[in-house]
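Novice: Chains P and L, in that order, are what the protein sequence lines are.
First residue of the first sequence? That's 1 in the numbering used here, and the numbers climb one at a time after it.
First residue of the second sequence? That's 1001 in the numbering used here, and the numbers climb one at a time after it.
These aren't lab readings, by the way, just hints derived from the structure by calculation.
Computed from a predicted structure; not experimentally measured.
Keep in mind that the hints are not guaranteed to be accurate.
[Stated by the list, open to error] Derived CB-CB ranges, DEER-like:
hint : chain 1 : residue 1 : chain 2 : residue 2 : range
1    : P       : N236      : L       : L1231     : 15 to 25 Å
2    : L       : K1139     : P       : A187      : 53 to 63 Å
3    : L       : Y1197     : P       : D200      : 38 to 48 Å
[Stated by the list, open to error] Example chain L residues on the side facing chain P (calculated, C-beta under 7 Å, incomplete):
hint : residue
4    : E1211
5    : P1213
6    : G1234
7    : V1236
8    : P1237
9    : M1238
10   : M1239
Glycine included, C-beta positions come from ideal geometry on N, C-alpha and C.
As a plain string of letters, each chain reads:
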Amino acid sequence: MLNARRLEAVRLRLDGHTVAAVATRTGLSAPTVSAAWKAFRQGGWEAVPVRQRGRRPGQATSLGDREQGVLWRRLAEQPEPPRPCWSSQDLADALRAETQQEVSPRAIEHWLEAQGLKPSPLSLEGLARKRSIAGRWVRQQVQPVLEQVNKAGGAIWQGGVRVAGPATSVASLPRRYQLYLHGKRGALYTRCLPAPPKADDYLALLTRLAERGPVALIFHGADFQASPEIQRWLANHPDFHLINVPTDAL
Amino acid sequence: MTSLTHLQRLEAESIQIMREVVAETENPVMLYSVGKDSAVMLHLARKAFAPAPPPFPLLHVDTRWKFRAMYEFRDRMAEETGMDLIVHINPEGIDKDINPFTHGSAIHTDVMKTEGLKQALDQYGFDAAFGGARRDEEKSRAKERIFSFRTAQHRWDPKNQRPELWKLYNTRKHKGESIRVFPLSNWTELDIWQYIYLQNIPIVPLYYSAERPVVERDGTLIMVDDERMPLEPGEVPMMRKVRFRTLGCYPLTGAIESDADTLPSIIQEMLLTNTSERQGRVIDHDSAASMEKKKAEGYF
Chain P
1 MLNARRLEAV RLRLDGHTVA AVATRTGLSA PTVSAAWKAF RQGGWEAVPV
51 RQRGRRPGQA TSLGDREQGV LWRRLAEQPE PPRPCWSSQD LADALRAETQ
101 QEVSPRAIEH WLEAQGLKPS PLSLEGLARK RSIAGRWVRQ QVQPVLEQVN
151 KAGGAIWQGG VRVAGPATSV ASLPRRYQLY LHGKRGALYT RCLPAPPKAD
201 DYLALLTRLA ERGPVALIFH GADFQASPEI QRWLANHPDF HLINVPTDAL
Chain L
1001 MTSLTHLQRL EAESIQIMRE VVAETENPVM LYSVGKDSAV MLHLARKAFA
1051 PAPPPFPLLH VDTRWKFRAM YEFRDRMAEE TGMDLIVHIN PEGIDKDINP
1101 FTHGSAIHTD VMKTEGLKQA LDQYGFDAAF GGARRDEEKS RAKERIFSFR
1151 TAQHRWDPKN QRPELWKLYN TRKHKGESIR VFPLSNWTEL DIWQYIYLQN
1201 IPIVPLYYSA ERPVVERDGT LIMVDDERMP LEPGEVPMMR KVRFRTLGCY
1251 PLTGAIESDA DTLPSIIQEM LLTNTSERQG RVIDHDSAAS MEKKKAEGYF
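Full structure from sequences and hints, please.
Specialist: Written out as structure tokens, the structure is:
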């Protein structure tokens, strides 16, 4: 109904009617008439109708046990290469493929947040302004590396590993170890493991990231210095800059 | 007449015990394990004999496997207090390279702690040794008297203990006997923390929560304090926010996940906990090596 009137408003404007006259004849407000006219001039007739608000028809309002089971199962698996971890879009696609359930990536993100699986990335710009250990670390150790990788056209990631789920040791609740990455604009990529990740798990992640050229990865939550396998891998990949978040920087 | 708080009563009792020991024995020593109880005991000893330094040395029976932060703290405190610090390591343990990984916690504890303590007491001829054990730590400690008599072979007989009615202590000992004295027997873990807070007593930073590299062993979080800790194939220590309720040899001491990085938050955590701090000690989990059995053999 709204879109029909917007189209009518554009036709009347094309006939030479003023915005005020069109508003009176269509019952729309003057700003709406102007917006429809502007949309027509920028994108033609196709741009005039507004997108329907709310969920698309058939899209789920909540995730049932079956859907959640699918998501947990997928999170426990390693995604197909070259994806380093599961993005919300990947999970939504996987859910659609398996259950024919339409779920938006945003809904997946809400679900991840509800499960305690949505860590926030470090605000490097904010930290850089601070006169603290963290600020000094960003200015002296992080920013020069990021500039170098940016100049080389590489990718910058943040990531980490943590225990997700119950903070205290409740025997009845399973513990999950979450590997996560934050890409451009803080986009989350994640996967879960039933035990603390081993060197092979980290190496699988690093290898996939390294396939895309120079990489700077700011990582929190693992003591890579203690792992000879990872140290060897890093020595063989000079374009991969792994920056550990120091314990006193947070 | 002013009434004392419960902490003041405990403090007064501990100071009285220390003075009693110094008056009644010839060669006392304070066992210093570098933990929070030792920190409180040392503080009480300094109070008991102020302005002079306490008239006995500190004895640290070292196993070579304590946390690095503990060694740094021990040396700093010895320097600050001006007390003599005796560090004894069982030379047999060094020769045989006894360690918790190859030999297991039971043998490591027996050789490096129990035998090491007995050697040190014999070597220096100490007839009384202060220890920071508390009754609330463990059931065998609960039934041990404040003045715990040991035979010439350092054995403890739990069925042959002296009554300590009205806080009167019988310090008479037979030739060769020695006494282990526990001035903090009646303190609880919460009392210790409250006292540390009120008296601003320095403690090892490991008691405060911080991100530390840990690995899981049988459900216990073990901190990877140095490169001697053997990792499983492919294992990568995780950085987790943990703290310690009790400190011992690092491969045998479990950390707890906690955000308590100040004394008030630790006290708050204490108020909510319903487990003993000794739950974090791997050596206490082995039923064959129960505390009572170890104590009977001379363990502190």
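Novice: Need the list of violated hint numbers for this structure, in ascending order.
Specialist: none
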